[in-house]
Amino acid sequence: MKKGVMVFIAAAFFAGLILCVPLAPAWSADPIVVGIPTALNSDYGRDSVNAVKLAVKEINDKGGVNVGGQKRPIKLIISDTRDMEPTTPAHDALMAVEKMILQDKPHAILVGFARSEVFMAGMELIAKHKIPYLGSYAQTHMFQQQFAKDPEKYKYIFRVCGYNVIAAKAATDAIDVLRKEHGLKRAFFITQDTLLSKGFVGVLKKHCENTGWQTVGTENIASDAADFSAVLSKVKSSKAQITVVFWDVAQGGTIMLKQWTSMKVPSLMVGFVIGACSPRGWDFMGKNINYIIQTEAPIGSGIPLKKLPKTRAFVEKFNKAYGKPHGQWLTSASYESVYILAGAIERAGSLDPAKLVKEIEKTDYAGVIGRIRFDKNHQVVYGDDPKETAVCLAYQWLNGKMVPIYPPAVAEGKVVLPPWMK
Amino acid sequence: MSIFIYGLTQSVTLMLYGYGFSLVYGISGIANFAHGGFYVLGGYITWCIINLLGLSQFTSAVLTVLIMGFLGFVFYWGILLRIRGIILSELVITFVAGIAILEFLNWKGLYGFYYNLLPFVEGDITVGEVSVDYQRLIVLCSGAVLAGLMWLFVHHTKIGLSFRGIAQEERTALSLGIESDWVGSLSMALGSALAAVAAILILPLGVLEANVGYEVLIYAVTVAIVGGLESTPGMVLASFIIGFGQILVAEFIGSSWMIIVPLATIVVILALRPSGLFGKFKELEERV
Numbered sequence: 103m104k105k106g107v108m109v110f111i112a113a114a115f116f117a118g119l120i121l122c123v124p125l126a127p128a129w130s131a132d133p134i135v136v137g138i139p140t141a142l143n144s145d146y147g148r149d150s151v152n153a154v155k156l157a158v159k160e161i162n163d164k165g166g167v168n169v170g171g172q173k174r175p176i177k178l179i180i181s182d183t184r185d186m187e188p189t190t191p192a193h194d195a196l197m198a199v200e201k202m203i204l205q206d207k208p209h210a211i212l213v214g215f216a217r218s219e220v221f222m223a224g225m226e227l228i229a230k231h232k233i234p235y236l237g238s239y240a241q242t243h244m245f246q247q248q249f250a251k252d253p254e255k256y257k258y259i260f261r262v263c264g265y266n267v268i269a270a271k272a273a274t275d276a277i278d279v280l281r282k283e284h285g286l287k288r289a290f291f292i293t294q295d296t297l298l299s300k301g302f303v304g305v306l307k308k309h310c311e312n313t314g315w316q317t318v319g320t321e322n323i324a325s326d327a328a329d330f331s332a333v334l335s336k337v338k339s340s341k342a343q344i345t346v347v348f349w350d351v352a353q354g355g356t357i358m359l360k361q362w363t364s365m366k367v368p369s370l371m372v373g374f375v376i377g378a379c380s381p382r383g384w385d386f387m388g389k390n391i392n393y394i395i396q397t398e399a400p401i402g403s404g405i406p407l408k409k410l411p412k413t414r415a416f417v418e419k420f421n422k423a424y425g426k427p428h429g430q431w432l433t434s435a436s437y438e439s440v441y442i443l444a445g446a447i448e449r450a451g452s453l454d455p456a457k458l459v460k461e462i463e464k465t466d467y468a469g470v471i472g473r474i475r476f477d478k479n480h481q482v483v484y485g486d487d488p489k490e491t492a493v494c495l496a497y498q499w500l501n502g503k504m505v506p507i508y509p510p511a512v513a514e515g516k517v518v519l520p521p522w523m524k
Numbered sequence: 045m046s047i048f049i050y051g052l053t054q055s056v057t058l059m060l061y062g063y064g065f066s067l068v069y070g071i072s073g074i075a076n077f078a079h080g081g082f083y084v085l086g087g088y089i090t091w092c093i094i095n096l097l098g099l100s101q102f103t104s105a106v107l108t109v110l111i112m113g114f115l116g117f118v119f120y121w122g123i124l125l126r127i128r129g130i131i132l133s134e135l136v137i138t139f140v141a142g143i144a145i146l147e148f149l150n151w152k153g154l155y156g157f158y159y160n161l162l163p164f165v166e167g168d169i170t171v172g173e174v175s176v177d178y179q180r181l182i183v184l185c186s187g188a189v190l191a192g193l194m195w196l197f198v199h200h201t202k203i204g205l206s207f208r209g210i211a212q213e214e215r216t217a218l219s220l221g222i223e224s225d226w227v228g229s230l231s232m233a234l235g236s237a238l239a240a241v242a243a244i245l246i247l248p249l250g251v252l253e254a255n256v257g258y259e260v261l262i263y264a265v266t267v268a269i270v271g272g273l274e275s276t277p278g279m280v281l282a283s284f285i286i287g288f289g290q291i292l293v294a295e296f297i298g299s300s301w302m303i304i305v306p307l308a309t310i311v312v313i314l315a316l317r318p319s320g321l322f323g324k325f326k327e328l329e330e331r332v
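These protein sequence lines are chains S and W, in that order.
Read the first sequence against our numbering and you will find it ends at 524, with the numbers running on by one and no gaps.
Read the second sequence against our numbering and you will find it ends at 332, with the numbers running on by one and no gaps.
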């Protein structure tokens, strides 16, 4: 009897030991170190980091990434480049990234530089250190031009997010509808004094000029502007029917939207204005943004699309984990960049940068942002059909709802003219 | 008409930015580089009182002005008193305090378009063919009322006259029984309260972001330098020159040149009048 009790206690003890083993995998292998140097004090930086964390958690929960037969977890190193703050010089942001590279020795870098000007300078830094870099923040079209100058040198750099030209093209269809179906023809163009803004608005201006629109004014404004009364007076006096604008600095964007309403500017805003280009926009800006046409780059960054279940699943997961994204751009691209890297590591069976680059180049799968593959300049290919390419879309704010209007493959409505323009 | 109205609004905005800074420097000789930090902190305290305590906008505004005045008072007695008269130390301490406040608020998440103060009155009015929202009119009227009240205060109250006495000649004022540290601390309290008043009035037109503080400081210093560091009337005139200059430049040359106006004005005015428009320091120095 006594022996039986002892055996029972021993069995219970060992069973307890087994049950006490943590459910999460006990990692014996060295982690894959992934660096996330980006502008943390910005909506897109915050959303991107959260999206990356979400993907990393999913991968680690499944056992990690298979590197040559051994499952290894992903470990994130996050640092702040602060390059979306107007007072941060480019040099400081570059230093932050170089410090991370030298100190933490990441196997790859995701998200990356925020401001296009800093990214362009940072390309040299990444090329020097030869670390695979999957950018999903800075969106200047000049990346491809720079890459094409010396593909061998810049081969470690890839870009997953869309870029200004592609995002702008999503809005061209809305502009065409406004001309053809509603007879509008007078356009005003406002740029913020940055590469990204000039590229974005430049595409739409060229399109308008080629399709019969009359340019009634163009203004370039410093990024730290805090008063738009003069330019909005010009918009008003020019009798512009649409105003194409790109503004991604919070202070200026918010002031512009509020002044737009208070000055009763009878022109429809098209493009990108922070405050309007966010799933949280209506909560904070309300009627100031009604009827505004904005862009989402790429899809899945905030709008759950009826026609694409993957966007619905991702937006739902993200919202559940972190609440609505703050911005309407980049979130889904940052999420996918983790899976692109993990896929490349598994195919390469190694963390060797040169092998990884070759495998990243071979990426081809259907993700949240559409079909993901890179062109010869290491830019994810964007277009209108999510079965063939990644996609950016245009949407219109209608009484608190973001209604996708372009491209047709994802559209859920048509452009609506504001009542005060009829 | 739009140039007049928006030029006026921009000018009064700059005046409100610069009032507290100019007052503190004029009386105590301290260049308060924490002014931008105090401005944003004032806005944040108002936001917290409205959104966390649920008090009305007016009550929150009054409480914020009192709190900020008290903080300015404590800042003087707690920190500035020990380094009073050491100009470089005063600069460093106030600059560090300003950065610390702004970075703390940045760390707290005060960026993006999420922190907003609502206008006191919603809606707008059409003047001529120009639509102006009520909040801008409130800014204009408040600026005028504030300037009047400040004039009455420094000319017709005992404390105000003490302020002027210290500002004109500290040693003589001391010999007449005016305690310079008390006056200095009260001027810092008033300057901080004025920063809060500016924030409460102006922030509903835009967004409450930590980075705004740097811009406010730059404009406050600019109008103070152009007007003459110790001269409040000079600061008011400088605000109107720069405010209207910016709107005219945006209208006739291009909006991207607006940012040049304050800098160009500093260069031109200081080249012609090294003490600023109404300043006397350089003239006195040259006479000596």
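None of these hints come from the bench; they were simulated from the model.
Please note that the accuracy of each hint is not assured.
Unchecked claim - With beta-carbon atoms standing in for the labels, derived distance ranges:
1. W:140 to S:180: 24 to 30 Å
2. W:167 to S:425: 28 to 34 Å
3. W:118 to S:366: 55 to 61 Å
4. S:520 to W:182: 27 to 33 Å
As the list claims (entries may be wrong) - Residues of chain W clear of chain S, computed beta-carbon distances all greater than 12 Å:
5. 57
6. 125
7. 309
To be verified - Under the rule of at most 30 Å between Cα atoms (straight-line distance), these lysine-lysine pairs were calculated in the DSBU-like manner:
8. W:152 to S:426
9. S:389 to W:202
10. S:201 to W:202
11. W:152 to S:177
12. S:422 to W:202
13. S:489 to S:464
C-beta: ideal position from N, C-alpha, C; glycine also.
Inset, instruction - Taking the numbered hints from earlier one at a time, note which ones the structure violates and give those numbers from smallest to largest. - result: 3, 5, 9, 10 and 12
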